[in-house]
Amino acid sequence: MRGSFWLALVLTAIGLYGGLVLAPMDYLQGETFRIIYIHVPAAVSSMSIFVFMAVQGAAALIWRIKICEIFVVCAAPIGAMFTAVTLVTGMLWGKPTWGTYWIWDARLTSELVLLFLYLGVIALYQSYSDLRAGARAASVLALIGVINVPIIHYSVHWWSTLHQGETITLTDSKMHASMLWPLLLMFVASKLYFLGSLLLRARVTLIKQESGKAWVRQALAIELPTAVIKPTPSSAIT
Amino acid sequence: MNRPPSSSAAPSLSQSNFAKRWLQLLVIALVHELRQRLRQPSQLLHPIGFAVLVALLFGFAVGPQPDRLAPVAPAALFIALLLANFLSMELLFASDFEDGTLDALAASGREMVPLLYGKALAFWLAQGLSLLLALPLLMILLKLPAMLAPTLIFTFVMMSLGLSFLGLIGSALTVRLRAGAMLLMLLILPQAVPLLIFSLGAINAAQLGEPAAAPLLYLSAISLALFALAPLAAKGVLSQEIGN
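Just so you know, the protein sequences line up as chains W and R, in that order.
Read in order, the letters of the first sequence are residues 1 to 238 in my numbering.
Read in order, the letters of the second sequence are residues 1 to 244 in my numbering.
Just so you know, the hints here were simulated from the structure itself, not pulled from any lab data.
Note that CB positions come from ideal geometry on N, CA and C, so glycine has one too.
One should not assume that every hint holds.
Selected chain W positions facing chain R (in silico; Cβ < 7 Å) [as the list claims (entries may be wrong)]:
id	residue
1	L117
2	S127
3	A137
4	W215
5	R217
6	L220
If you want a taste of the chain R side facing chain W, the calculated C-beta under 8 Å gives, among others [as the list claims (entries may be wrong)]:
id	residue
7	L173
8	L196
9	L200
10	E210
Between the sequences and the hints, there should be enough to build the whole structure, so can you do that?
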């Protein structure tokens, strides 16, 4: 888990160096295009994490796998963070290039709706006192909301929007190689960050949800230093 | 397909028998819900009052000049109707949850889906029709031309159908929570955005004199998809909630 974070950090450093320093200037946008190295990986992550959440939610509801419920709940804050980063970097990119921070076109609106869907999943989970029931309700909501993701992805095809179309597809890319490799590196880095963050959060959520069970007490007792569980005079009375 | 246990001596359940029982359950639930709502007729006027209030707020906020109100009038109308539709949505399952009817239903193994249809349709008829009565008043307040009326009626009927069934899922998700109203709105409003977009697309097209068929078809498609699928989703949610 920690290895994933370190790898993500290293790849981010290399990718950002490649993107911010090494890559040549764009012929149209000049230096401002460089925010693509944060904006696009964050955008791809925001959509793929929602799909991940929906798949985990489906697995949790159909086959009643407990760990999938926990993955749904843990992926939501990470996805919300990536969506927020996408929106903010998009706004910062839009001001110099389009002249405006915001416009009500299909892609931006549906990305904003995606943010609210993430926040809804988080809010629903936190409003339950029974954490397992909350995780299941969050799974249902994730499944219902996943329909929004294809709408965002295809919005640039279906409606004429200000946001540009796809530059990279699975087979081809309109970007030059010198600009492309840092972007691909940042994709991988964002995935690795997501993996590390998800596993860390899942660990904590699992402990929190199962806190009454014996295995948790054993696991925690092993990891706590003995100085913390030193008996105090008051506990000797009880 | 789930078949309810037959109480008759002959165990053969044909397809038409199942369909007949299914529809019977739906009608029973629908009539029961409508009767409950009609017990306090004054409650039917609450959505009308709320919608008119929201329209008034828009009028006050925008100011008296006609050229400032005219561009936002259709939007104000649909936001007023949207919010009024949400008014009593969180109470959809509240009374049944509190007195244990939902638990009994889940335990009995009876078909829940037709009962959910009955609830959602009753909600649509009660809220939707009463808001339709408010429509002439709202059109006068917001100075919308009378020729828009047929488009407005059809658009509102389709939008409120979609909203009622969306509210079914939302109420099912928040049935266990005490103060679920705000959370319900937070969950359902993002999903209601496409309904709002296509409704206003239709009205804007009608205002320009263009054919409003395309947005109306999209709106109807979304609403009918919700009509078909939402009770199944709500049944899944309720089975999870109640089964514990």
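Consistency of the hints with the structure:
1. Given the 7 Å rule on beta carbons, the hint for W/L117 holds: about 5 Å separates it from the nearest Cβ of chain R.
2. With a cut of 7 Å, the hint placing W/S127 at the interface with chain R holds, because the nearest CB-to-CB distance is about 5 Å.
3. Checking W/A137 against chain R by beta carbon gives a least distance of about 5 Å; that is within 7 Å, so the hint holds.
4. Checking W/W215 against chain R by beta carbon gives a least distance of about 22 Å; that is not within 7 Å, so the hint is violated.
5. The interface hint given for W/R217 is broken, as the beta carbon of that residue sits about 24 Å from the closest beta carbon of chain R, more than 7 Å.
6. Because the closest C-beta pair between W/L220 and chain R is about 26 Å apart, greater than 7 Å, the hint is violated.
7. Because the smallest distance between the Cβ of R/L173 and any Cβ of chain W comes to about 5 Å, under 8 Å, the interface hint for this residue holds.
8. Hint status for R/L196 relative to chain W: violated, with the closest Cβ pair at about 11 Å, above 8 Å.
9. Look at R/L200: its Cβ only gets to about 12 Å from chain W, farther than 8 Å, so that hint breaks.
10. With its C-beta approaching chain W no nearer than about 17 Å, R/E210 sits outside the 8 Å limit, and its interface hint is violated.
Hint compliance for this structure: hints 4, 5, 6, 8, 9, 10 are not met, and every other hint is.
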